[in-house]
Structure formats: structure tokens, C-alpha cells
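Enquirer: Residues per chain, in single letters:
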Amino acid sequence: MADLALQHGGTTVVRRAHRRPHDARRAREQWTAVVLSFPALFLMFLLLIGPVATVLIISFTDYQLGAPSVGLVGLQNYQDLFSDRVFWKSLGNTLRYVAIVVPASVAFGLAVALLIESGEGLKSFYRAVFFVPVMATLIAMAISWEYMLHPQFGLINLLLKQIGLAPQSWLTDPHLVLPTLAAIGIWQLFGFNMVLFLAGLVSIPRHLYDAAALDGAQSAWSRFWLVTWPMLGPVTMFVVLISAVRSFQVFDTVHVLTKGGPNKASEVLLYTMYSEGFEFFRSGQAAAVAVVFLAFVLTLTVIKARLIEKRVHYL
Amino acid sequence: MSRANPLPTASAVARHVVLLALAAVVLLPFAWMISTSLKPQSEVFLSEIRWWPDRLHVVENYTAAFAKAPLLQFLLNGAIVTTSIFALQVLIALPAAYALAKLRFYGRDTVFALVLFCILIPAQAIAVPLFLLFHQFGILDTYAALVLPFIISVFGIFLMRQFFLSVPDDLVDAARMDGISEFGIVWRIMLPTAIPAITAFGIFSVVAHWNDYFWPLIVLNSESLFTPPLGVATFRNSEAGTDYGPLMAAATIIIAPLVIAFLFAQRRFIEGIAFTGLK
Numbered sequence: 001m002a003d004l005a006l007q008h009g010g011t012t013v014v015r016r017a018h019r020r021p022h023d024a025r026r027a028r029e030q031w032t033a034v035v036l037s038f039p040a041l042f043l044m045f046l047l048l049i050g051p052v053a054t055v056l057i058i059s060f061t062d063y064q065l066g067a068p069s070v071g072l073v074g075l076q077n078y079q080d081l082f083s084d085r086v087f088w089k090s091l092g093n094t095l096r097y098v099a100i101v102v103p104a105s106v107a108f109g110l111a112v113a114l115l116i117e118s119g120e121g122l123k124s125f126y127r128a129v130f131f132v133p134v135m136a137t138l139i140a141m142a143i144s145w146e147y148m149l150h151p152q153f154g155l156i157n158l159l160l161k162q163i164g165l166a167p168q169s170w171l172t173d174p175h176l177v178l179p180t181l182a183a184i185g186i187w188q189l190f191g192f193n194m195v196l197f198l199a200g201l202v203s204i205p206r207h208l209y210d211a212a213a214l215d216g217a218q219s220a221w222s223r224f225w226l227v228t229w230p231m232l233g234p235v236t237m238f239v240v241l242i243s244a245v246r247s248f249q250v251f252d253t254v255h256v257l258t259k260g261g262p263n264k265a266s267e268v269l270l271y272t273m274y275s276e277g278f279e280f281f282r283s284g285q286a287a288a289v290a291v292v293f294l295a296f297v298l299t300l301t302v303i304k305a306r307l308i309e310k311r312v313h314y315l
Numbered sequence: 001m002s003r004a005n006p007l008p009t010a011s012a013v014a015r016h017v018v019l020l021a022l023a024a025v026v027l028l029p030f031a032w033m034i035s036t037s038l039k040p041q042s043e044v045f046l047s048e049i050r051w052w053p054d055r056l057h058v059v060e061n062y063t064a065a066f067a068k069a070p071l072l073q074f075l076l077n078g079a080i081v082t083t084s085i086f087a088l089q090v091l092i093a094l095p096a097a098y099a100l101a102k103l104r105f106y107g108r109d110t111v112f113a114l115v116l117f118c119i120l121i122p123a124q125a126i127a128v129p130l131f132l133l134f135h136q137f138g139i140l141d142t143y144a145a146l147v148l149p150f151i152i153s154v155f156g157i158f159l160m161r162q163f164f165l166s167v168p169d170d171l172v173d174a175a176r177m178d179g180i181s182e183f184g185i186v187w188r189i190m191l192p193t194a195i196p197a198i199t200a201f202g203i204f205s206v207v208a209h210w211n212d213y214f215w216p217l218i219v220l221n222s223e224s225l226f227t228p229p230l231g232v233a234t235f236r237n238s239e240a241g242t243d244y245g246p247l248m249a250a251a252t253i254i255i256a257p258l259v260i261a262f263l264f265a266q267r268r269f270i271e272g273i274a275f276t277g278l279k
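From first to last, the protein sequence lines stand for chains A and B.
First residue of the first sequence? That's 1 in the working numbering, and the numbers climb one at a time after it.
First residue of the second sequence? That's 1 in the working numbering, and the numbers climb one at a time after it.
Pulled out of the complex, with its shape left as it was, chain A reads as follows (with noise of 0.2 Å):
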């Protein structure tokens, strides 16, 4: 700076006097924003960044907790993973977790949405009704769940006794119990869809129902799939992704509920890291998981942050 100064001779002086308060200015903001961010900035770094690194690291290792000695092993952790049995199921039966509970939890979402919208009252309490299960501990409350679910005592079972079903052994039954995993899911998600879904209904112009009344949309039907379906759009696509990030991560149910059984019938991703990191501590196997379920929810994540981006304006 003053070298360059310098070079300009006639007009030095102005501009030193101009530019040094600027300059001092200038670096004292940098350095008071490398202190306020460095902590952040620091915490990034080991608890988020480095972990990521490192897991992907450990994932070509046959690490062990406790073990003398590690060695790279490449791609063997991937290769055991890929040629075992458990691991295709588990991956199958969290594809199919989501496959069941996105879809229903969307529906009932923007069914319950549109039907709290049509008319005046208690809006605000069946809002809070149907949140409830959002914000209520999983734990407790798939503890409940179990017991209503009991093949003998269970309030379900004896509700369908009543109108003269069969019992069921929902959480035993190899062919029921992912299904019934995937209800308490629905149960747990759809109010928080309603309530993104209601946001979304709040924000569509007036005019364009009277538009489409105008236009000869009378009923209720019409007037969905002229004005409310096309303006919910980015709503629901983003839903949707919010929920399979969701459910791709189901693990609290499964953990208290089932184990992964009967037979593996449950077992899901996140189940099968944690047994093998944390039960068995096989680290490299468990951090091939891990990756494996980075892989999946960082796709679905970066398709909704550029969404976010593409401004879903009516959030």
C-alpha cells in the first residue's frame, strides 16, 4: 500500500488520509471475524468434517476396538458387506420401511391438511392433535405402542375381536412386522407433513380459486386439481424428500420393538451399524454401513437443498 502511494506522488497525501482509517477498518474486521468464527469454525472441523473423513477412512480398515494393530484391508469391509445376506436385507427392508411410510405419510398429511382447511372450525386445535406424536418421545411411546400391539392383551388385537377378525402377532410375524414398524412411522410423521402441507395451502393466492370458479370449476374436486395440486407442487416434493430422509432413518422402534428380528425381518441400516460398530465392534464393518447410508441420505438432502435453492417460496 505504500509503495503504491508513493508512486502516485501529487496525490498521496489525499489518499493516505483517505485510506488509512479504510485499511485499519479493514483489517480490524478480519481479524474480529476469524475470533468470533474460529470456535465454530474449529468444532466444524473435528466434530463434523473430520468425522466424515475419517469414517470413510476406517471404512478400508479392519479396525476394531481394542485391537493391537490395523491394517488397510481396500475394499474388503465393502466386498464381505456386499456378499452377505443380512446386509441385502437390511438394505431391502429400509427401502422398503420408506417405500410404505413416505407415501402414506404424504397422503394423510395433505388429506388432513385440506380437510382442517375447508372449514372454520377448531383449526388450531386439530393442528396440535395431530402434532402431538411429532414431538412425543419415540421411546415411551413405541413402549405403548408394544403393548397395545400384544397378541393376547393388546387393545389392537382385542378391537379386532370385537368385530370378529384375527388376532394378530404383529411384531413376531415375519410378514407383519415391517408393515407394523412402518404404521407407528406413519403415526409419528404424517402431523409433521401437515403442518409444512398447511403452510403451503395458507399461502395460495385467493384470487386464483376465483379465477377458477370463474373458469366453471365448481366442485371442491376441480377446484383441487386446477388451483391447489399444481400450487402444492414444490411443497409436496420437498415433503416427500423430508420424509425419506426421515424414514431412512428409522432406527428407535426397531430397537426396542423387534431387534432386527423375527429372523432379520426388521433389521434396517441403521440397525445393522449399530450392531456391528457398537454391539460387536467391528468398526471397519460398521463404517462401510455408514457409508453406504451416507451415500443414500446425502442424495436425497442434496436434491432438497437444491430445491431450497430453486426457492420453494411457499415455506
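Hint data in this document are derived by calculation from the structure and do not stem from the laboratory.
None of the hints are false.
Cβ-to-Cβ under 10 Å is the rule here; a few derived chain B residues that face chain A:
| hint | residue |
| --- | --- |
| 1 | Pro-29 |
| 2 | Trp-32 |
| 3 | Leu-103 |
| 4 | Ala-127 |
| 5 | Ser-181 |
| 6 | Ala-251 |
| 7 | Ile-253 |
The model shown is predicted, which means the values in this text are computed figures rather than measured ones.
Note that CB positions come from ideal geometry on N, CA and C, so glycine has one too.
Fit chain B to the known structure of chain A by using the hints.
Expert: Using the frame of chain A, we list chain B on its own:
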């Protein structure tokens, strides 16, 4: 959608009938849980549906729940862990968010890009390396192990930054004129303006970590440190489906604090959890 032209009575009634029926189904697990927590053992194992017990066993079940497991300790642990996490999150995120929103500095775009990248990382995916790190430091099975992984909330930084962008620069400049230090600006000027955003974020954070099961399950051994979800799960394992009255009483106690808080401030909760949770 017919807000302008009032609904005919029949469809208004139909709307309430359908919604009330759905509400009843959704609340069933809560109702059955509370109902069971009032029943004596003899009325739990019945082959008929009984919502209200013949013999009320409220006192017995709830005292049994408190006697069989240190429920108060679990609730206290939940409070300690969630408030520590939230306080540290704000302490770390707020200055960084202020710097990203209001200061011009070399590397700002890089830092912000890192924040956006970190938002994508799901907590479960990095559980293995974090567990090994904490094992190295010898802090597994401590409060620190429960709190530390969450003290950096990149999501909190993002949220606060967005909020600070809408705060006029004049406010910051005026504070500088008055001779307030940058540090003072963060805590005495920015913090008070951001109270609504911080409240929403706080609800989101407390609910998420009060309910978290995965991480406490991994790092804890000692019952004295258990958070509410871990506590109630252990209670259930030790009962192994024999004594449902006290178990349901315990579950009711565990969900009560959040549900009651929700009923008192449902609008804030919905804002915090649904709208804060996704941006």
C-alpha cells in the same frame, strides 16, 4: 377451500366427524398408555377392553414407577443435557453467524460453503468415529459425551445468519459509533434482536435432544447418567412385559414435560420443530 362462501352445515359436520375420528385414532396410544397406568395388575391382563379400571391404582403405579427406576434422575439428566447443548450451541453459533452476516472478511464464502456442507451430514453416519474419538479421550459414559457432539450446530449458524441478514446495518454502525466492541455488538445488540429466531431454534434443539435415543444408547453405561428415553427403555427391559401399570406410568412421566409444554405453547412448538427443522 371455501372460506369465502360459508360451508353448508352438513359438510361442516362431516368435516368435524372425520377429523374427530382421526384425532381419536392418533391419540389412542396416549389414551391407552394413561389408562393402563391407572390399572392394577389384575385388570391389565384382561381379555376385554376396559378404559377405566374398577379399582384405581394410580398412587400404587406411579410410586412403583418412581421406586423401581430413578425417574427424577432421568428427567434431571434430560434437563441438564438439553440445556447445556442449547446454551453452548448459541454461544458458538451466534458469533459465527454475526461474522458471516455482517462482517466482510477474506474466506467468508468458504466458511459459509463449509456450513452448508456440514448441514448435509446426518449425525448417525459419524457415530463410529466420534465414539472412537471419545474413547481416545476417555470421556465415554459422561455428561460431556452426551453434550459435545451437538455443541456445534451448523444449522443454528445458518438460521441465525439468515436472521441477521435482515437486521439493518445501521443498527450495527450506530453501536460502533457508540464505542461498543464487536463482541459487545454480538451479545448486547444482535442477541436481543434475534430472540424470536433463538426461541424457535431452542425448541427445535431441546425437543430433538430430549427425544434422542441413538447417541445416548451408544455412549452410556451408567444408569445415573441415563436420559429419559434410555431410562424408560431400560425400565421396560427389566420389566420384560410383566408389570405394565408402573411401566406405562413411567412412560407417561417421561413424555409429560414436553407434551405439557407443547400444549401451552403449541404455535411456538410447531414453528420451532416444523419450520425451523427444515430450512
